[in-house]
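A.B. asks: Please model the complete structure; the sequences and the hints are all you need to start from.
Residue numbers (this note's numbering): 1 to 156.
Accuracy of the hints is not assured; some may be wrong.
Said to hold, decoys possible - 30 Å max Cα-Cα, derived DSSO-like pairs, lysine-lysine:
| id | residue 1 | residue 2 |
| --- | --- | --- |
| 1 | LYS147 | LYS39 |
| 2 | LYS64 | LYS147 |
| 3 | LYS148 | LYS86 |
| 4 | LYS42 | LYS147 |
| 5 | LYS42 | LYS140 |
| 6 | LYS129 | LYS147 |
| 7 | LYS42 | LYS148 |
| 8 | LYS129 | LYS148 |
| 9 | LYS140 | LYS55 |
| 10 | LYS148 | LYS55 |
| 11 | LYS64 | LYS140 |
| 12 | LYS39 | LYS64 |
| 13 | LYS148 | LYS39 |
| 14 | LYS64 | LYS148 |
| 15 | LYS147 | LYS86 |
| 16 | LYS39 | LYS86 |
| 17 | LYS64 | LYS129 |
| 18 | LYS129 | LYS140 |
| 19 | LYS39 | LYS129 |
By construction, these hints were calculated from the structure, which means they are not laboratory data.
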Amino acid sequence: MQYWLFKSEPDSFSFDRLEREGRTEWSGVRNYQARNFMKEMKLGDLGFFYHSSTKIPAIVGIVKVVREAYPDFTARQRGGDYFDPKSTEANPIWEMVDVAVESRLPRPVTLAELRENALLAPTMVLLRKGSRLSVQPVHKRDWDIVKKIAQTPAPQ
DNA sequence: GCCAACGTTGGC
DNA sequence: GCCAACGTTGGC
Numbered sequence: 001m002q003y004w005l006f007k008s009e010p011d012s013f014s015f016d017r018l019e020r021e022g023r024t025e026w027s028g029v030r031n032y033q034a035r036n037f038m039k040e041m042k043l044g045d046l047g048f049f050y051h052s053s054t055k056i057p058a059i060v061g062i063v064k065v066v067r068e069a070y071p072d073f074t075a076r077q078r079g080g081d082y083f084d085p086k087s088t089e090a091n092p093i094w095e096m097v098d099v100a101v102e103s104r105l106p107r108p109v110t111l112a113e114l115r116e117n118a119l120l121a122p123t124m125v126l127l128r129k130g131s132r133l134s135v136q137p138v139h140k141r142d143w144d145i146v147k148k149i150a151q152t153p154a155p156q
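C.D. replies: Here you go:
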């Protein structure tokens, strides 16, 4: 059982929308490191759902992996946003997983709060300077800390 | 809107 | 194989 973090821009795909739809294909990842992490994912693994590129970036919910890695067909949709001419049926290159809503956190845990936490700061990939990975692993220790924070009252 | 950090591309 | 140029990400 491993823990992960998925970034999404709420303007393009929010946690609200995932709650309405129940589950989704995590397609469109075009970074090899992120893809490789998706290939490591197992059914039942959990991940934080993080809202990026928004006013208050924050972890807002938890998702569960409900289908392990399989070829990302959007790479072969000519004219689509995620088309990649290098991807073929024999060698799809890009992969995706399916995730479903697990739960919403009692409250969002903001990036600012995560940064302030002395235990998380050195270990969370999200907090590394210049980190842009859209799919990343989370240590169990860090997972537990974030869940604890979410159960405390929001600052101010 | 700015800009630092990063990944990828392509010339050599 | 190096590295400059470029495009993208994402916080602020």
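A.B. asks: Any of the earlier hints contradicted here, and which numbers?
C.D. replies: Result: hints 3 and 15 break, sorted rising.
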